[in-house]
Each structure stands twice: as C-alpha cells, then as structure tokens.
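Chemist: Input sequences plus hints: build the corresponding full structure.
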Amino acid sequence: MTAFSDPASNPLARQSVTASVRLRHEAGLHARPAVKLTKLAKKFASKISLAISVEGPWIDAKSIVKLMGAKTPRDSLLVFRAEGADAQAAVDALVSLVERDFPDEP
Amino acid sequence: MLVTENVSLVIVSHSPDVARGTADMVRQMVGDEVKVAYCGGDPDGGLGTDVQKILRAIDEAWSPRGVAILVDLGGAETNSEMAIEMLPEERRGRVVLCNSPLVEGAIMAATEASGGASLAEVCATAEELSPR
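So the sequences go chain by chain: A and B. Take 69 as the starting number for the first sequence in this note's numbering and just add one per residue. Take 6 as the starting number for the second sequence in this note's numbering and just add one per residue.
If you are wondering where the hints come from, they were derived from the structure by calculation, not from laboratory data. Accuracy of the hints is not assured; some may be wrong.
Unchecked claim - To give an idea of the chain A side of the interface with chain B (calculated C-beta under 7 Å), a few residues:
1) Val103
2) Thr106
3) Lys107
4) Lys110
5) Val133
6) Val166
7) Arg168
Claimed, not checked - Chain A residues, not near chain B, derived (Cβ > 10 Å throughout):
8) His93
9) Ala99
10) Arg100
11) Trp126
12) Ile127
13) Met136
14) Lys139
15) Glu151
Every residue gets a Cβ at the ideal spot worked out from N, C-alpha and C, and that includes glycine.
Modeler: See the structure below:
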C-alpha cells in the first residue's frame with residue numbers, strides 16, 4: 069500500500085465537508101423540495117447526511133422517506149455533511165439547490 | 006440517462022382516476038426518468054381491478070431492471086399477484102408487489118428508482134412508510 073503524506077494528493081482519501089444554508093422555501097422541506105434534494109444527493113458517491121444543527125441528529129440525505137419524515141419547517145438551518153471523494157462538489161450542489169429555492173431544472 | 010436503466014412502476018387502483026392521478030403526481034414530482042404505467046377499474050368500467058389490464062400495464066412499463074407494483078386495496082393486491090404469476094417465467098422474478106400506501110409509496114419508490122436503485126431497494130423505500 070502506498071502511503072500519502074498529503075491527503076489532498078490522494079484521490080481515494082475520504083474527505084469530509086460540511087456546510088449550512090438557511091431554508092427559505094415557503095412551505096419548508098415539503099414533498100417536492102425533498103424529492104429534488106434527494107435526487108440531487110443520489111447523483112454523488114459520497115455519503116451525505118443532513119441535520120438542522122451541527123450537533124445532529126443526522127439523517128441520510130439520500131433517503132426520501134427520512135427527509136420527508138423530518139418535516140423540516142421554513143427558516144430551519146440545513147447542515148449538509150458529505151464524506152467521500154466528491155464530498156465538496158456534493159455539498160456545493162446541495163447548498164446551491166437550497167439557495168436557488170429548488171428550481172425545476174437544477 | 007436512458008429510461009430503461011431504472012426500475013419502473015405500475016400503479017394499480019380500484020379507481021382509474023386515482024391510478025391516473027397517482028401516475029401524474031409521480032411524473033410531476035419526480036420526473037420522467039422513471040417509467041410509470043397505471044390501470045384501474047373493472048372491465049365494465051366500474052370500480053375494481055382487472056388482471057388483463059394489470060398485465061398490459063406491466064408490459065407497458067417493462068424495464069430489464071424490474072417493475073415495482075403499487076396497489077391500493079384488497080383485490081388490487083390479489084389481482085396483481087395473479088398477474089405476476091401469469092407473466093412469462095423470465096419476467097416473473099423481475100416484478101414485485103410493494104406493501105405500501107399507494108400515493109406516498111409511489112412517490113418514494115420513484116424517487117429511489119430515479120437514482121438507479123435496484124428493485125429490492127425501490128420496494129424497501131416504499132415499504133419504509135408502512136407501520137408494521
């Protein structure tokens with residue numbers, strides 16, 4: 069096995085990226101936004117979790133049942149945490165989706 | 006992404022209107038990357054379900070990844086089971102009846118299927134909704 073002193077030079081290194089965004093969508097994270105968020109999360113290989121506080125509890129952002137079950141109201145903080153090779157891209161895309169208020173074409 | 010790469014859905018309700026409305030919700034809320042076929046009503050146009058209609062819907066929705074059937078009540082379930090038994094042997098194992106609420110289960114199943122999930126994962130996601 070090759071040892072990598074600099075994690076950034078190792079494409080297989082598990083990166084963990086966290087970012088948060090305020091949910092301004094009028095009705096909160098209801099059905100359609102939850103579907104869009106889940107579909108986008110599923111495009112990334114990273115493990116992606118979502119919470120309304122940095123302390124958690126964390127739910128799987130790729131689980132539509134858990135996302136809808138969370139019934140997250142408007143003005144909640146959405147904290148995304150991704151772990152994996154495409155973690156940064158995943159978090160950027162998810163934050164952007166929420167900031168742009170869940171447009172039909174992401 | 007090619008539509009055929011995803012598991013597809015069949016919606017079976019006693020009411021043709023409920024079946025069509027459920028399929029509309031899936032298309033509008035999840036999108037068209039998951040094929041959805043639907044049927045409802047008995048052969049005489051009343052409320053009920055019909056094995057032949059279910060077989061046609063399975064044929065219409067067919068995907069090599071598999072087909073998940075969502076049903077409403079009683080006869081919809083038994084007639085769907087009968088339809089699965091009547092399928093050619095090579096297709097029978099790729100069609101599964103999900104034990105979930107019809108409308109909610111269809112949205113959950115389609116969302117899961119849109120990401121390329123397997124038939125078992127699609128059904129498990131719909132069934133997460135069912136209290137056991």
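Chemist: Decide, hint by hint, whether the structure agrees.
Modeler: Now the hints, each set against the structure:
{"no.": "1", "hint": "Val103", "result": "5 Å, holds"}
{"no.": "2", "hint": "Thr106", "result": "5 Å, holds"}
{"no.": "3", "hint": "Lys107", "result": "6 Å, holds"}
{"no.": "4", "hint": "Lys110", "result": "3 Å, holds"}
{"no.": "5", "hint": "Val133", "result": "4 Å, holds"}
{"no.": "6", "hint": "Val166", "result": "17 Å, violated"}
{"no.": "7", "hint": "Arg168", "result": "17 Å, violated"}
{"no.": "8", "hint": "His93", "result": "15 Å, holds"}
{"no.": "9", "hint": "Ala99", "result": "6 Å, violated"}
{"no.": "10", "hint": "Arg100", "result": "6 Å, violated"}
{"no.": "11", "hint": "Trp126", "result": "17 Å, holds"}
{"no.": "12", "hint": "Ile127", "result": "12 Å, holds"}
{"no.": "13", "hint": "Met136", "result": "8 Å, violated"}
{"no.": "14", "hint": "Lys139", "result": "14 Å, holds"}
{"no.": "15", "hint": "Glu151", "result": "18 Å, holds"}
When each numbered hint is compared with the structure, violations occur for hints 6, 7, 9, 10 and 13.
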